[in-house]
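**Student:** Listed here are the chains, written in short residue letters.
Protein chains: 2
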Amino acid sequence: MSKPKIVVLGAGYAGLMTTKKLAKQLAPEEAELVLVNKHNYHYETTWLHEVAAGTINHNQARFMISDVVNPNRVRLIYDSVVKVNKEENKVVLENSELTYDYLVIALGFVTNTFGIKGMEENAFFIQDIDGCQLIRDHIEYKFAQYKNSEEKNDDDLTILVGGGGFTGIELVGELVEKVPQLCKKYDIDRRKARIINVEAAPSILPVFEKDLVAYAKESLERRGVEFMIGTKITECTEEGFVVGDDSELVKAGTIVWTGGVTGSPVLSESGFELNRGKVTVNGDLRAPGEDNIFILGDCAWVMNEAEGRPFPPTAQAAMQHATTCAHNIAALLHNEPLQNFIFDDKGTVASLGITDGVGTVFGGTKLTGKPAATMKKVVDNRSIFLFGGVNLLLKKGKVRPF
Amino acid sequence: MSKPKIVVLGAGYAGLMTTKKLAKQLAPEEAELVLVNKHNYHYETTWLHEVAAGTINHNQARFMISDVVNPNRVRLIYDSVVKVNKEENKVVLENSELTYDYLVIALGFVTNTFGIKGMEENAFFIQDIDGCQLIRDHIEYKFAQYKNSEEKNDDDLTILVGGGGFTGIELVGELVEKVPQLCKKYDIDRRKARIINVEAAPSILPVFEKDLVAYAKESLERRGVEFMIGTKITECTEEGFVVGDDSELVKAGTIVWTGGVTGSPVLSESGFELNRGKVTVNGDLRAPGEDNIFILGDCAWVMNEAEGRPFPPTAQAAMQHATTCAHNIAALLHNEPLQNFIFDDKGTVASLGITDGVGTVFGGTKLTGKPAATMKKVVDNRSIFLFGGVNLLLKKGKVRPF
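If you read the sequences in order, they're chains A and B.
Take the first sequence: its letter number 114 is residue 620 in our numbering, and every next letter is one higher.
Take the second sequence: its letter number 9 is residue 515 in our numbering, and every next letter is one higher.
Incorrect hints may appear among the rest.
Note that the list lumps identical chains together, so a pair holds whenever it fits in one copy or between two copies.
List of simulated lysine-lysine pairs, DSSO-like, C-alpha gap at most 30 Å [stated by the list, open to error]:
no., residue 1, residue 2
1, Lys544, Lys690
2, Lys852, Lys526
3, Lys904, Lys592
4, Lys530, Lys738
5, Lys509, Lys904
6, Lys691, Lys530
7, Lys901, Lys757
8, Lys658, Lys623
9, Lys876, Lys757
10, Lys691, Lys544
11, Lys691, Lys738
12, Lys738, Lys596
13, Lys872, Lys592
14, Lys592, Lys698
15, Lys653, Lys691
16, Lys653, Lys757
17, Lys544, Lys658
18, Lys757, Lys526
Quick caveat, the hints were computed from the structure, so don't treat them as lab data.
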């Protein structure tokens, strides 16, 4: 009998970590390992806002998969997943097909525009490395064009960010670092360049308590961010957002939407039952009714049974999914009992630029200012260290002065 | 009686050097000095192709005028010149007016499209710092857009350079350095990005002898530049150049025109008699029929009487104009005889990227390859040194490895 074949789809936080753990826990004769990913690199999704703002180089936010996974142990396939054929235990890729005995679906998220008219066509998304390089270049190009235009339109210098959640706020936090640099580079009056954050809910950063939210808002406002909170976007045009009941048009040269995400479209293509775009998995992280398919990371809702709602879909959770998933696949191979996922919440920190931030760590300790910014870098570096050890940390770690 | 007032228009090679020499040669009680310039900085026009390609930072190619001219000795006015009113000895600026006793017009060049249809609207020009930053950003933006587009159009990666003279060839020389970097940055196959130079004349670099031209062409072709020589551009559209008798459309994402220059439009606004856009000045560099107006640099044709044609309009010549002009203004103040301009040709070197070049120096010695590239940097550094001494050389000099 041939070895069981374990196929992991996606080399994000969940998929790459699952692959690494499987390669460590299973001997080569026990199982064949395959990792499928669109690119030959992994990128740190939680750093993408920095690539988009241009405050870090895009290469810092990615590393070669073959640098952290041994290609002699794991077959690496760089291709896009079209769909999973559950009945035949088969994965359809753009350029080939693949059978599996065990499947891990960790294909991450795509941006969700909630059907807001024109958003798909006119806004940029914080979604991948290529797209975030385009945002960075677009902003800079707008500044250069402004400088060279005869009849200057100050709106060209406005950057509009839809969504006041984690990504939206961390993005404006980087933009307040970047915009003054751009103004200097292009000899433009800093006061002409606006950064506007629009959020429909009554507060930004819903994940944090009120005092931290107030701190974050005040810190960003002091450095020039304008907030439009409790403001619903009804449409996105080429020129900007249409907001509120009077359909006011807020014009901008750069429009970014960070207001929502949903699981990979491969899930619906493959016939999984979806709940707000993701699959609500069993406690052992398997898809309901499937013995050999695990779904992790941003493709999954993992229920917090104690609180009756899903755990938050974060990078931290995704990497912990990997531990449970790898354990459970090994358990299936060894006919041992499976574990249920338990989230070990190490805290959450949002950066507000290079030297500021807000967060809650160590089970409740609140941080603001430089300590929060420092902790954020510790968090970012931890992920890099877990993937690639000291060598990768030295190459990609965040050792910016603060 | 009040002191005579000397007004210099333009802080390019000719104007800035004239001002420095006058400040040195004339005591404060002898004459009032005024320098008018559009920006508060001087830029090295002969380095602009590097800014456009993105191979040097734009700040390296400029320096603050107040760093090299003493504002206590020279009144600095940052404004644009509208026209000169010769009858009233007055200069009209955008925001004020200015009288003069002696005037130096050194307002440089603007790009000449020779009336080629659509060129003004659709091509970028190598003309000033702002415009060259825009070219750099435009090229990069095209690469980022290409990477993010679903249906990729390889033409977006093509850079089309019209004109095979000095600027055009030096620009493609920088682009062959830059394009591979961009391909790496955006994960794009190098072979998809084209650099095309189009020249109507039967040869590029008409200033050099045949063997040097052949060397330059072969060196650039080997590194991926495509030449269309003896190819006339009949029109420039949004998509590219229309060339030749069959009206072939050469498509590109970036279109730059370097095919010609003409003197500042202020000359015609002020009623000077023009010859191909410039004023043919007397041997002493004064405008014909004007006792107190000198015209220098790219605004002037200075006749080489021995050869019956004008001296080439180069930065080297412009800086030598300054020496003659400053001497002659001092001579007028002191009632001494004026000198005629004599061009001291120190040679000409064109760069072909960072480590290659062609040129003729020391009255005929031909250089190619690294020696030429080295000599080019010596030439570039010399100008910086002449303006700002060792301090400026250390700040802005070219000490790139070669």
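**Student:** Of all the hints numbered above, which does this structure not satisfy? Sort the numbers upward.
**Tutor:** 3, 4, 5, 6, 7, 9, 11, 12, 13, 14, 18
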